[in-house]
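Peer 1: Full structure from sequences and hints, please.
Keeping their order, the protein sequence lines are chains D and Z.
Throughout the first sequence, residue numbering follows the working numbering, covering 1 to 271 in sequence.
Throughout the second sequence, residue numbering follows the working numbering, covering 1 to 271 in sequence.
Don't take each hint at face value.
You can't tell identical chains apart in this list, so a pair holds if it fits in one copy or across any two.
[Stated by the list, open to error] Dumping the calculated DSSO-like pairs for lysine-lysine here, alpha-carbon to alpha-carbon at most 27 Å:
| no. | residue 1 | residue 2 |
| --- | --- | --- |
| 1 | Lys254 | Lys72 |
| 2 | Lys98 | Lys244 |
| 3 | Lys37 | Lys98 |
| 4 | Lys244 | Lys37 |
| 5 | Lys48 | Lys221 |
| 6 | Lys48 | Lys254 |
| 7 | Lys73 | Lys244 |
| 8 | Lys48 | Lys37 |
| 9 | Lys48 | Lys258 |
| 10 | Lys98 | Lys72 |
| 11 | Lys72 | Lys37 |
| 12 | Lys73 | Lys2 |
Note that these hints are calculated values from the structure, not bench results.
2 protein chains.
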Amino acid sequence: MKFTEKLNAVIDDNRSLVCVGLDPEPTSLPVNVSLLKFCSDIIDATSKSVCAYKLNLAFFEAAGDDGMNVLKKVVQRVPENVAVIGDGKRGDIGNTAKAYARSLFDNFGFDAVTVSPYMGHDSLEPFIEYRDKGIFVLCRTSNPGGSDFQNVICQINGGTMPLYQLVAQKVSTWNKYGNLGLVVGATYPEELKTIRTQHTEMPILIPGVGAQGGELSLVLKYGTDRVGRGAIINSSRQIIYASKGADFAEAAGKAAAKLRDEINNLKAASK
Amino acid sequence: MKFTEKLNAVIDDNRSLVCVGLDPEPTSLPVNVSLLKFCSDIIDATSKSVCAYKLNLAFFEAAGDDGMNVLKKVVQRVPENVAVIGDGKRGDIGNTAKAYARSLFDNFGFDAVTVSPYMGHDSLEPFIEYRDKGIFVLCRTSNPGGSDFQNVICQINGGTMPLYQLVAQKVSTWNKYGNLGLVVGATYPEELKTIRTQHTEMPILIPGVGAQGGELSLVLKYGTDRVGRGAIINSSRQIIYASKGADFAEAAGKAAAKLRDEINNLKAASK
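Peer 2: In structure tokens, the structure reads:
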């Protein structure tokens, strides 16, 4: 099954555009709860309310010697019908990109990944060749420093456009198998609007609601496609740290359901 | 000790600008030789002829469940006086970048890393705060697709310049602790010349000689600083696969020494 088919099915089945970002800071876990238990319990408590999980590879790599084994088990814990995104923002020359793609798709079993565009087409090609997987390319990121380069005005074909728009345009031309998407932060709604207007079909992974301050109503208005899907709205800290006590999983479950309902209510109200 | 001091000391002690790239493809290892033994034996056979090793994280991650433990042991195998660069091209928002920096510097023990500039200053800041470590920022990469974005003409302060020059310029302004460097591919000597002319002090990590086809004499002419250091010339496949038989380590040792001598002869001839 193609990634977009899987994604659309779970969006419909769970009536949810919510993606839970699993970015577990070792110092922020509840006392006596292992990384594996923390992630597993949160998945079990939230999986009916979400369309996807985004696993941030940095926090598993930083968890020490066993971190990558835990990562693999966490991927396996996600129910078959829910999408699992490996957030590593990889980007390297061909034979290296091939090794990353093999690792993320074949070994860890991710349905989709995030990648960085800086090294250009041949650095993405090995990922693109996994036709049934999803590849989200960084476009306009949610952090303040994103504007250092992404908003720089570029001269292209006699006209001009900011770099992030050029990235989206190139990604669109490379999308021969329909498996590419973009990452656009919720913190820059005008840029999100521009990208969605220019690229009506590609799914957009949208981090930055919640702790980072992106406004949900604008994200929905500008980020979804014409049938109200196409936006994967990621929230991390607001959900996984909803409680830092023994009830962390239950609290995460409630927070995910609440965000799903907020989104659905906003969608219904705008009809 | 600051990274540049360590680097300069080993360049002088071993009279070498050679960096061996450890990019071990699982399918390319000699029969019955484990990943750990392959890397360890190559290090033992080459460490007197090089200034640095560049360990490509992708190939260790792709080696499966034990890959990251092997990576850590390989870092430890490198003699104390030789620089070890973790080549992962990471780039992410602040708290994630902090986790990557902690993982690479504190857990794995790398002396330096490669990072991607696309997400801007706050994505590099957690690395920069490790003042005694080295941070090499992607500038003009050695692959053909590098030109997709890196050579795009940007409008800056009433003038224009290609994106890779803008990246170098910004990195230079962020270099408050003197721990930043650039990655410029040997396959683009004119760009290397431009970057070295504009940035006389920063060390440049130069992949792309050997298998990728970069010409050594131009790399030396354009890449070194005014005292003949500052260029870390990486060769991977040409050295680590010099022989695919049981004599792989011995052959790697000879190939590394040969490249070192070629470089030193070219340097002597140009004086």
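Peer 1: All hints are to be evaluated individually against the structure, with a verdict given for each.
Peer 2: Consistency of the hints with the structure:
1. Lys254 / Lys72: Result: close within a single copy only, 26 Å intra versus 40 Å inter.
2. Lys98 / Lys244: Answer is between: at 21 Å across copies they meet the 27 Å cutoff, but 39 Å inside does not.
3. Lys37 / Lys98: Result: close only across copies, 23 Å inter versus 31 Å intra.
4. Lys244 / Lys37: within (14 Å within a copy, 44 Å between copies)
5. Lys48 / Lys221: within (24 Å within a copy, 61 Å between copies)
6. Lys48 / Lys254: So Lys48 and Lys254 pass the 27 Å test inside one copy only (11 Å; across, 59 Å).
7. Lys73 / Lys244: Answer is within: at 22 Å inside a copy they meet the 27 Å cutoff, but 35 Å across does not.
8. Lys48 / Lys37: Within one copy only: 18 Å inside a chain, 46 Å across chains, cut-off 27 Å.
9. Lys48 / Lys258: For Lys48 and Lys258, only the intra-copy Cα distance (12 Å) is at most 27 Å; the inter-copy one is 61 Å.
10. Lys98 / Lys72: both (19 Å within a copy, 22 Å between copies)
11. Lys72 / Lys37: Answer is both: 13 Å inside a copy and 25 Å across each meet the 27 Å cutoff.
12. Lys73 / Lys2: within (23 Å within a copy, 39 Å between copies)
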